[in-house]
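Protein chains in written order, with my numbering: chain A, 1 to 255; chain B, 256 to 764; chain C, 765 to 1070.
Among the clues, some could well be false.
[As the list claims (entries may be wrong)] Counterexamples of contact, computed for chain A against chain C with all Cβ distances above 10 Å:
#1 Asn7
#2 Ala36
#3 Glu42
#4 Cys44
#5 Lys54
#6 Glu57
#7 Leu58
#8 Ala67
#9 Thr85
#10 Ser153
#11 Arg154
#12 Thr160
#13 Leu223
#14 Gln224
#15 His249
#16 Leu251
[What the hints assert, rightly or not] No farther apart than 35 Å at their CA atoms in a straight line, the calculated lysine-lysine pairs in the DSBU-like style are these:
#17 A/Lys54 to B/Lys560
#18 A/Lys123 to C/Lys832
#19 A/Lys86 to A/Lys63
[Claimed, not checked] Derived contacts from chain C toward chain A, CB cut-off under 7 Å, selection only:
#20 Gln799
#21 Arg801
#22 Arg802
#23 Gly803
#24 Pro804
#25 Asp812
#26 Ala817
#27 Val822
#28 His965
#29 Glu967
#30 Leu977
#31 Ser980
#32 Arg1018
The set of hints was computed from the structure by calculation and includes no laboratory data. Ideal Cβ placement from N, Cα and C applies to all residues, glycine included.
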Amino acid sequence: MLPSLLNYLKSPRCTADEIFPDLSAANRGLPAITSAPCTHGEGCTLCADGCPTKAIELPTDEKPEVALDLGKCVGCGHCMRVCPTKTIVTSRSTRTAVKRREDLVLRAGRPTLNVDAAHSPFKQSVVVRYVSTGDNATDLEVAACTNPIFDASRFGIHFTASPRFADVLLVAGPAPLAMQEPLCQTLHAMGQPRVIIAVGAQAISGGMFCGGYANANGVSSVLQPDVWVPGNPPHPWMILHGLLLAMGHPLALHT
Amino acid sequence: MNTQPGVFTGALKMDEVPIMQLRARLKSEIGDGNRLGLLTAADGADGHQLLTLIIQTQSGGVSLLNSPLPHDAVSYASLTPDLPQAHWFEREIADLWGIRPVGHPRLKSLVMHDSYPTDLFPLAEHVTAATARKRSRRAPYRFTVVQGNGVFEVPVGPVHAGIIEPGHFRFSCLGEVIENLEIRLGFVHRGLEERLTRCDWRMMNYLVEAASSDTAAANATAHAFAMENLCSVPAAPDVRKMRYACIEIERAACHIGDLVGICTDLGFGAGGTAFSALRGDVLGVAELLTGTRFMTSVIVPFAHKYMPAKPLLIEATRRLRTCSSQLRSILPLLLNNGAAIERMEGMGDIKTSLARDFGLVGPAGRASGIAYDVRKVIAQPEYEQVEWQPPTYFEGDVFARTRVRAEEAIVAMELAADMVSRITSSHEPDSSPATLPANSVGVGIVEAWRGELIHLVMTDSHGRVSRYKIKDPSFNNWTALSIAVRGRLLSDFPLCNKSFGLSYSGTDL
Amino acid sequence: MSRISLVGLAVTVLESIIMPFLLVGILRSCRSRLQKRRGPRVVQPLYDFLRLARKQTVLSDETGPIFKNAPVVSLTAYGLVALVVPWAGLPAPISADLILFVFLLAAARMATGLAAMDTSTAFGGMGASRESALSIFVEPTLVLALSAVAIYQGSPWLNALIATPVSTGGSAYVLPLAVAAIWICAAAETARMPIEDPVTHLELTMIHEAQLLEYSGPRLALMEYQAGLKLTVYYGLIAQMLINEIVIKTPITRWAATTTIMFCLVVLAAIIDTVLVRLHWRKLPDLLAFGLAFSLVACLLAALKG
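Okay, chain A solo, but in the shape it has when bound (with noise of 0.2 Å):
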């Protein structure tokens, strides 16, 4: 054991110094829409065909762009790799999480993140009380936040077990019936000032389990998000993102 632990000892520090980096060239991303013409026109429903959340919209005579809900995106890759015009492409950027809604669906020439800076009383410090309503890939993404890689503590960020020291509360998951009512009793154990972040596509939308008789159609249905984080299962990163973007922090305001 003890020359393993040497070793342990004498390796470098494993915390990334760069922060929010692109995805690796490997990784699939997210998708984003360009302002290259959508050959919708021409009969082409590629992307909506083959999208399993039925995530986008095609342009019709009202609404002449096509628009993409990463709420609904599980990240399967398909519209960025089928669509003709580029119009649909792959984003790798990690600084994925929004303050609104209706900001995480994608149009053309639009930006993907609202900054705004406004007074934050955890810039410095801040306590996350995770909930998981059954995304067991996000609780290791969630997990992997705190480990020494991503290290979320050198922003000044803690994962507690009693939700009275929280202020933010993480929620992962569908939020099917049965934890509904355990959502509602940690948030109100937490005082105020306190923020709620759905993270995931299944805690934004339900994802692909939507519609069902267990209700398990997103964190929505129950709270009311300040912040989201798309991916299924978003990357550590991302939630690091929207950790930061919750707590006012500078590192994820400017774009």
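We have chain A; now place chains B and C onto it with these hints.
Below, chains B and C alone, put in the same frame as chain A:
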């Protein structure tokens, strides 16, 4: 009728066993080297039917029995008294179908909580008025009460302290000693099986990946095999290699992730750091091969999406071998650490006989002397290229489970490296049929990182998916956790729990 | 009051405000570095305190007056502890004997324990029960270890620590043994490894923190500050005993040496936190019994010399 769902054999034929004889049949078949794969219900031609999947752990064959219930019947004689493995399956059937196993020793709801209407049995669709009248409403949930001087209850959850899934643990304690633990799940019941029969079959893979999203690759693979067997369309060899490689990478990443968890529960910061850095590297390989850290949306029936090019495959092989040797070099931190061993040894032990009765699967089973591993039992040529043995121990304690998982992670990375290096083309084949065959059954069984994972798909006379059943490995293992902590201290629970590493969402569906 | 004691009072008060934050900050920062992370800034505990101080308090319906007032009671107790122990390297502003010190610690522990039970939650009761069980070992160890020092110095007053002569012969072992015993007490009292994992999120394994789970807002801030103060006083006390092995001339050098040793102790605690595995609950008495044995032997050695 026997078939081998790991290799391609096509659709499964069902054996009809009258419900009155089912109990005797199972009693004679199971235990004799055979295990109960799954027990569930489905709508038949005339009322409900029970489906039983039996796995021959010696020959690797499976047989599917169907036992139609008499017209309008909503109850049958419970199988649990003879077959403890059926315990949770029967509770689930009662919840989702309203079919009552008469004589079940501890019948209470499993996944349907009191927040649902008490007359909602979501999967029973073709219900006649007579059946509906006969079905009794679901009773409110009652915890088992342990009585006696000084016994007190510690309720934990559903919202847990750590960054984990929700579930409720009701400890009945005498001082620090746990007298009884009742595990109440179902908090993340999302109605998955109902959603699966409602969605387009081409989109089902996205849903099964979310069944237990940390096991996305294994679920997608089991689904793909089930669909391919249903349609009698075999997958291309490269596609199979890629799928199995994904499962092995998932296994390595998850086992290493749980080693981090074990170190954290031991309060061993150095170990936690070393393993979590390595886990990041393994996820990096997954990202390289599939485009995501959790390998979602690549494993689909009849094809493989985003087949990587040769240089990427070579790079992935190299990185997997590095990770495997790195894991070997850091394992002594935990496994040769006297203080850590003292905490793990003899803790939360499950005896082999108990493990057999409950039908334990995966690392938990192998730590208790049950050598059953789908990769060995059901012939899969991809796994026969390298000499390997699933690690098996007999102690059944936390230390045995930890060692099994550590050794499996090493083997998994070597197997994955071998499979990836054998993939020859980056061409993406697609052999999807236009429609699904009518009145067919397909089964896919894989060894997910938690153990045996079964997907069963049935189509109706129009070729629509009428029943889809997922049996997550955790389903078999939860009861063992509550037995393992009996007589232990409250503060030992987190370590025992982590050594099992069970999925809540996979069980609740 | 002489000028020296006024300066002593001012320094002690100032340090008991700053040092808890600083020591906890350094400890966490060191632990992070040992875990190969960048980790929080050293001032992070102060930010945490300020955030909690501004936050709304949430009280459950079950909690009563004991829960609400306990933080102030225990703060008073720890405040007095900080004034009676010469932990800063200067004579303590209030002269007291070792029994008062142990009594004040017990009073604070009782306040916290009662408050935890007042929440009528399973975890509160569990935490209180565990903390009291530990104190069965901690208190006698502390009394005996300090008694050994008192016998050795020939004075039960804590301030005598400042003027202890350099030890020789068999009695040279008195102070090291007492230090070892108090270090074990400090680990148990300040929730350090291998007795309690300070970074755990799991209520089921918590000892001290399980008692605080229901606190929120300013009360929680007070509780966290007190935990830091307790750590500071313990490490300062240990520093006083270690320092006697070095010949110190002036109060200034003594103060500087004390502070340096405290920082070193914090780094040592961070290393222990990283490389050790938490002991099983049933093994804790073994470790604490070592502390008790050390203090007993120290007592005997000191008595033999006398």
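Right, here's what the structure says about each hint:
1. Asn7: 12 Å, holds
2. Ala36: 41 Å, holds
3. Glu42: 53 Å, holds
4. Cys44: Check passes; 48 Å lies beyond 10 Å.
5. Lys54: Given that every Cβ of chain C is farther than 10 Å from that of A/Lys54, nearest at about 38 Å, it holds.
6. Glu57: 41 Å, holds
7. Leu58: 46 Å, holds
8. Ala67: At about 39 Å from chain C, A/Ala67 clears the 10 Å cut-off, so the statement holds.
9. Thr85: The claim holds: A/Thr85 sits with its nearest Cβ about 44 Å from chain C, beyond 10 Å.
10. Ser153: 5 Å, violated
11. Arg154: With a cut-off of 10 Å, A/Arg154 comes too close to chain C, as the shortest Cβ separation is near 4 Å.
12. Thr160: 7 Å, violated
13. Leu223: Nearest chain C Cβ is 17 Å from A/Leu223, so the label holds.
14. Gln224: Given that every Cβ of chain C is farther than 10 Å from that of A/Gln224, nearest at about 18 Å, it holds.
15. His249: Holds: least Cβ distance 12 Å, greater than 10 Å.
16. Leu251: For A/Leu251, whose nearest Cβ neighbour in chain C is about 13 Å away, the distance exceeds 10 Å, so it holds.
17. A/Lys54 to B/Lys560: 20 Å, holds
18. A/Lys123 to C/Lys832: 28 Å, holds
19. A/Lys86 to A/Lys63: 19 Å, holds
20. Gln799: Where the cut-off is 7 Å and the nearest Cβ of chain A is about 6 Å from C/Gln799, the hint holds.
21. Arg801: 4 Å, holds
22. Arg802: At about 4 Å, which falls below the 7 Å cut-off, the nearest Cβ of chain A leaves the hint on C/Arg802 intact, so it holds.
23. Gly803: 6 Å, holds
24. Pro804: 5 Å, holds
25. Asp812: 5 Å, holds
26. Ala817: At about 11 Å, which exceeds the 7 Å cut-off, the nearest Cβ of chain A leaves the hint on C/Ala817 violated.
27. Val822: Since chain A brings a Cβ to about 5 Å from C/Val822, closer than 7 Å, the hint holds.
28. His965: This interface hint holds because 5 Å falls under the 7 Å limit.
29. Glu967: Hint on C/Glu967: holds, closest Cβ of chain A at ~5 Å, below 7 Å.
30. Leu977: Hint holds; C/Leu977 Cβ to chain A Cβ min 4 Å, cut 7 Å.
31. Ser980: 4 Å, holds
32. Arg1018: Interface hint status for C/Arg1018: violated (33 Å vs cutoff 7 Å).
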